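Protein chains: 2
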Amino acid sequence: MSSGKILVAQGGGPTAVINQSLVGVVLEARRFREVTRVYGARHGVRGVVNEDFLDLTQETSHNLELVAGTPAAALGSTRDKPDLAYCRAMFEVLRAHQIEHFFNIGGNDSADTTRIVDDEARQAGYPLRCIHIPKTIDNDLVGNDHTPGFPSAARFVAQAFAGANLDNAALPGVYVGVVMGRHAGFLTAASALGKKFPDDGPHLIYVPERIFELGRFLADVKAVHERHGRCVIAVSEGIHDASGQSVVEQLAKDLERDAHGNVQLSGTGALADLLCDQIRDKLKIKRVRGDTFGYLQRSFVGCVSDVDQREAREVGEKAVQFALWGDRSGSVAIKRTGFYSADYELVPLDAVAGKTRTMEDEFITASGTDVTDAFRLYLRPLLGSGMPDAYRLRGARVAKLRG
Amino acid sequence: MSSGKILVAQGGGPTAVINQSLVGVVLEARRFREVTRVYGARHGVRGVVNEDFLDLTQETSHNLELVAGTPAAALGSTRDKPDLAYCRAMFEVLRAHQIEHFFNIGGNDSADTTRIVDDEARQAGYPLRCIHIPKTIDNDLVGNDHTPGFPSAARFVAQAFAGANLDNAALPGVYVGVVMGRHAGFLTAASALGKKFPDDGPHLIYVPERIFELGRFLADVKAVHERHGRCVIAVSEGIHDASGQSVVEQLAKDLERDAHGNVQLSGTGALADLLCDQIRDKLKIKRVRGDTFGYLQRSFVGCVSDVDQREAREVGEKAVQFALWGDRSGSVAIKRTGFYSADYELVPLDAVAGKTRTMEDEFITASGTDVTDAFRLYLRPLLGSGMPDAYRLRGARVAKLRG
Numbered sequence: 001m002s003s004g005k006i007l008v009a010q011g012g013g014p015t016a017v018i019n020q021s022l023v024g025v026v027l028e029a030r031r032f033r034e035v036t037r038v039y040g041a042r043h044g045v046r047g048v049v050n051e052d053f054l055d056l057t058q059e060t061s062h063n064l065e066l067v068a069g070t071p072a073a074a075l076g077s078t079r080d081k082p083d084l085a086y087c088r089a090m091f092e093v094l095r096a097h098q099i100e101h102f103f104n105i106g107g108n109d110s111a112d113t114t115r116i117v118d119d120e121a122r123q124a125g126y127p128l129r130c131i132h133i134p135k136t137i138d139n140d141l142v143g144n145d146h147t148p149g150f151p152s153a154a155r156f157v158a159q160a161f162a163g164a165n166l167d168n169a170a171l172p173g174v175y176v177g178v179v180m181g182r183h184a185g186f187l188t189a190a191s192a193l194g195k196k197f198p199d200d201g202p203h204l205i206y207v208p209e210r211i212f213e214l215g216r217f218l219a220d221v222k223a224v225h226e227r228h229g230r231c232v233i234a235v236s237e238g239i240h241d242a243s244g245q246s247v248v249e250q251l252a253k254d255l256e257r258d259a260h261g262n263v264q265l266s267g268t269g270a271l272a273d274l275l276c277d278q279i280r281d282k283l284k285i286k287r288v289r290g291d292t293f294g295y296l297q298r299s300f301v302g303c304v305s306d307v308d309q310r311e312a313r314e315v316g317e318k319a320v321q322f323a324l325w326g327d328r329s330g331s332v333a334i335k336r337t338g339f340y341s342a343d344y345e346l347v348p349l350d351a352v353a354g355k356t357r358t359m360e361d362e363f364i365t366a367s368g369t370d371v372t373d374a375f376r377l378y379l380r381p382l383l384g385s386g387m388p389d390a391y392r393l394r395g396a397r398v399a400k401l402r403g
Numbered sequence: 001m002s003s004g005k006i007l008v009a010q011g012g013g014p015t016a017v018i019n020q021s022l023v024g025v026v027l028e029a030r031r032f033r034e035v036t037r038v039y040g041a042r043h044g045v046r047g048v049v050n051e052d053f054l055d056l057t058q059e060t061s062h063n064l065e066l067v068a069g070t071p072a073a074a075l076g077s078t079r080d081k082p083d084l085a086y087c088r089a090m091f092e093v094l095r096a097h098q099i100e101h102f103f104n105i106g107g108n109d110s111a112d113t114t115r116i117v118d119d120e121a122r123q124a125g126y127p128l129r130c131i132h133i134p135k136t137i138d139n140d141l142v143g144n145d146h147t148p149g150f151p152s153a154a155r156f157v158a159q160a161f162a163g164a165n166l167d168n169a170a171l172p173g174v175y176v177g178v179v180m181g182r183h184a185g186f187l188t189a190a191s192a193l194g195k196k197f198p199d200d201g202p203h204l205i206y207v208p209e210r211i212f213e214l215g216r217f218l219a220d221v222k223a224v225h226e227r228h229g230r231c232v233i234a235v236s237e238g239i240h241d242a243s244g245q246s247v248v249e250q251l252a253k254d255l256e257r258d259a260h261g262n263v264q265l266s267g268t269g270a271l272a273d274l275l276c277d278q279i280r281d282k283l284k285i286k287r288v289r290g291d292t293f294g295y296l297q298r299s300f301v302g303c304v305s306d307v308d309q310r311e312a313r314e315v316g317e318k319a320v321q322f323a324l325w326g327d328r329s330g331s332v333a334i335k336r337t338g339f340y341s342a343d344y345e346l347v348p349l350d351a352v353a354g355k356t357r358t359m360e361d362e363f364i365t366a367s368g369t370d371v372t373d374a375f376r377l378y379l380r381p382l383l384g385s386g387m388p389d390a391y392r393l394r395g396a397r398v399a400k401l402r403g
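So the sequence lines, in the order shown, correspond to chains P and F. Its first residue numbered 1, the first sequence is counted upward by one per residue in the working numbering. Its first residue numbered 1, the second sequence is counted upward by one per residue in the working numbering.
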């Protein structure tokens, strides 16, 4: 006899559409007669341990729809990574509440958390089904064509560079924009999607999939600046040298690491400032500006891909269907089935958990500083409808009357 | 006998709507029978000196409409500030081309440039009419209710802080967002327009109109963090101590100044990083993040106020009407005539040139760290239609079953 109680949680960095997945779970679950209650854990797995639940069954469907369109994580998120003791504490709470389905929305760290909880449940003989629902702006989950949250962040980055390029053309100089992405360069590469004319920036793109050499970087910038009189550069926060040490680690004095052992790369303008200093000092270029896109790229209100919204909603809905109609735990994965169409599969948790996808070689040019048409073809449909476009004067020159 | 030739130029920092003003001038001028040619100077006054003109009469009106909707400066901009020799060089070019109307779109520096050119023309006995068309995201032109470009940048800042607030609520800590604005805090104050619920951030707002004391700042942050478990802070890049020295100047080693003698405050993450370090070190708060909004706030493609677009177009149109039907040089000023409605006047160039408006006292609370309802009432209609809204779960708590 099932209790009919399900629990949903959100983990990791917020995105523009993670609440779509949450609402997808809640509204779809409420359509099943056997579901009696839908609980939400506040601040992810920490809310489970702390028995800090909201009864989402009491939310109006109208308000849930409005929350779905709101960025960030409506339940709150966490960076906690459960160990064995943490998981046992979770079980005691889940058992007390007779919760039998656990939906965890997050990236590969959250998938790993979901896998550990699932393992612990099985070992403890507790009848818990665990479904991981994909979410990450980094697009670094294996087995997925792409991940919910990435398309909207990619759209922000493309629109930001389209604007930065126009700004840089109006007041020429060198512009460095630092984009999120610890190991995967997908989001940085998205900067190329704002390009229209051959002389548009970003002229150079640096992703963590390629080794970063300062000398070569400066030579690249010099060449572009000599050619166009300006240079727009997209740089991933995760760029590193041949030894694997990140460029920002080389200069940051006080490193902050989270519970997963990850170095804190966001929330500081250090990398952009370092690179700008190098360009100013070594290349003697006067007007050099750096921006670190920071949290804007994942939580700006009002820049979202409608394709991303729709898919994020669907992975939540499908998670409930897989859990209630199926007989196994797993991770929902997005598969591309047309240009453009997507469908969803349930893959084993250990196929996704803790693994990191990086950019495929076919997406990066031989130079290592640009993306290929294959990448443009891959990303464009994900950005959704209504992408703003930039136009320029055709510019008939007036003949000079004076020497 | 008039030559019927007019010239338009864009100066200073690009905005989301400066091309609306450009296109307003061009399309309106082409309606006047006496106008034979509309030239555009590339990169502002520098394009005049260099005799670097485009014949905008040859642009299609369709493409001009598309350019109008594109951010940044389609003609290119400049930071040059003409002196006497520079102005004489300009005259020689203007005289050679028989240009009789000069429209200069820009901020108070550009207004000053326009004034000098106008003075020089009169002293030289050259029949030149000079019209300054307002533009600045800083909203710091005197005699204007507000300036074109500010509403769209304010909308970006409001949307950015609405998202940063949601992100910070999901993963609590301290967030510092640094906003452009050398002397005027209008744009930083716009961060308050993204607030909806009483506990929403930004919880603290620091504008250059009030003296910044580090000790008081830290006490403010501590109090908010203790109350809400988190703190979102909006800081103007122009904040300074009692002696007038900017906080960023206190720590920046290599200062870059432009031709106007202004210190370079943008294009570096130094201020955000400094403030974050202080909060981390002095208040022992672990999760502290800083973003510098940088160039995104003035040139992001896809975040614009329709009210701003409309008015930027109209100041361009009115400039042509004032010049062709009137008999004097001047600066076009926006006046508020209803809630909400605007109209335009031509004011003397020296009433605007080189002067800086700062936030009125009635817009800042007694605490000095928040805006008043008067400011909200002032700004809200300028942000335009379709502002995104943030929603939250109503959050019925589930009773704990365990101690």
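Since the hints were derived computationally from the structure, they do not count as laboratory data. Treat the hints with care, since some could be wrong.
[Claimed, not checked] In silico EDC-like cross-links for lysine to aspartate or glutamate, where the CA-CA straight-line distance does not exceed 16 Å: (1) P/K282 with P/E226; (2) F/K335 with F/D52; (3) P/K400 with F/D55; (4) P/K355 with P/E226; (5) F/K286 with P/D80; (6) P/K286 with F/D389; (7) P/K400 with F/D80.
[Said to hold, decoys possible] Some residues of chain F that are not near chain P, with every Cβ distance over 10 Å (derived): (8) S3; (9) G13; (10) A73; (11) E100; (12) L283; (13) Y344; (14) T369; (15) D389.
Everything numeric in this text was worked out from a predicted model, so none of it was measured. We treat Cβ as the ideally placed atom computed from N, Cα and C, and that holds for glycine.
Hint by hint, work out which the structure violates, then give me just those numbers in ascending order.
-> 2, 4, 6, 7, 9, 10 and 15
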